[in-house]
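Colleague: Sequence:
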Amino acid sequence: MTAASASKAKGAKGKASDEKKRRNVFARIALFIRQIFAELKKVQRPTREELGQMFSTVLAFVAIIMIVVGLLDLGFGRLTFWVFG
Numbered sequence: 033m034t035a036a037s038a039s040k041a042k043g044a045k046g047k048a049s050d051e052k053k054r055r056n057v058f059a060r061i062a063l064f065i066r067q068i069f070a071e072l073k074k075v076q077r078p079t080r081e082e083l084g085q086m087f088s089t090v091l092a093f094v095a096i097i098m099i100v101v102g103l104l105d106l107g108f109g110r111l112t113f114w115v116f117g
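Take 33 as the starting number for the sequence shown in my numbering and just add one per residue.
Read the hints as simulated data drawn from the structure, not as lab findings.
If you're wondering where the values come from, they're calculated on a predicted model, not measured in any experiment.
Be aware that one or more of the hints could be misleading.
[Claimed, not checked] Pair by pair, the computed Cβ-Cβ distance ranges are: (1) L63 / V94: 29 to 35 Å; (2) R66 / D105: 46 to 52 Å; (3) T89 / F113: 47 to 53 Å; (4) P78 / L103: 30 to 36 Å; (5) V101 / A59: 49 to 55 Å; (6) V90 / N56: 28 to 34 Å; (7) I65 / D105: 43 to 49 Å.
For every residue, glycine included, the Cβ atom is placed at its ideal position computed from N, Cα and C.
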């Protein structure tokens, strides 16, 4: 049976069979939480060295952006003061 014929056969049964297979709200919540824990077990945490390197990279990037924004603010402030005096 191909996927197309399987979907046609499922469509012929209608939504009544889907309604019966649907779990109650608490079972769906429990399934969702079990899936969350299963996915969290797959997460690979960084080593201490990797964490330090990422922290330094983010800190340097934020410092550079702060300097750029500060210089732009200073420049626009002086330009505004020069234009409107």
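Colleague: Hint by hint, say whether it matches the structure.
Modeller: Cross-check of the supplied hints:
{"no.": "1", "hint": "L63 / V94: 29 to 35 Å", "result": "violated, 40 Å"}
{"no.": "2", "hint": "R66 / D105: 46 to 52 Å", "result": "holds, 50 Å"}
{"no.": "3", "hint": "T89 / F113: 47 to 53 Å", "result": "violated, 37 Å"}
{"no.": "4", "hint": "P78 / L103: 30 to 36 Å", "result": "holds, 33 Å"}
{"no.": "5", "hint": "V101 / A59: 49 to 55 Å", "result": "holds, 50 Å"}
{"no.": "6", "hint": "V90 / N56: 28 to 34 Å", "result": "violated, 44 Å"}
{"no.": "7", "hint": "I65 / D105: 43 to 49 Å", "result": "holds, 47 Å"}
Violated hints, listed in ascending order, are 1, 3 and 6; each of the other numbered hints is respected by the structure.
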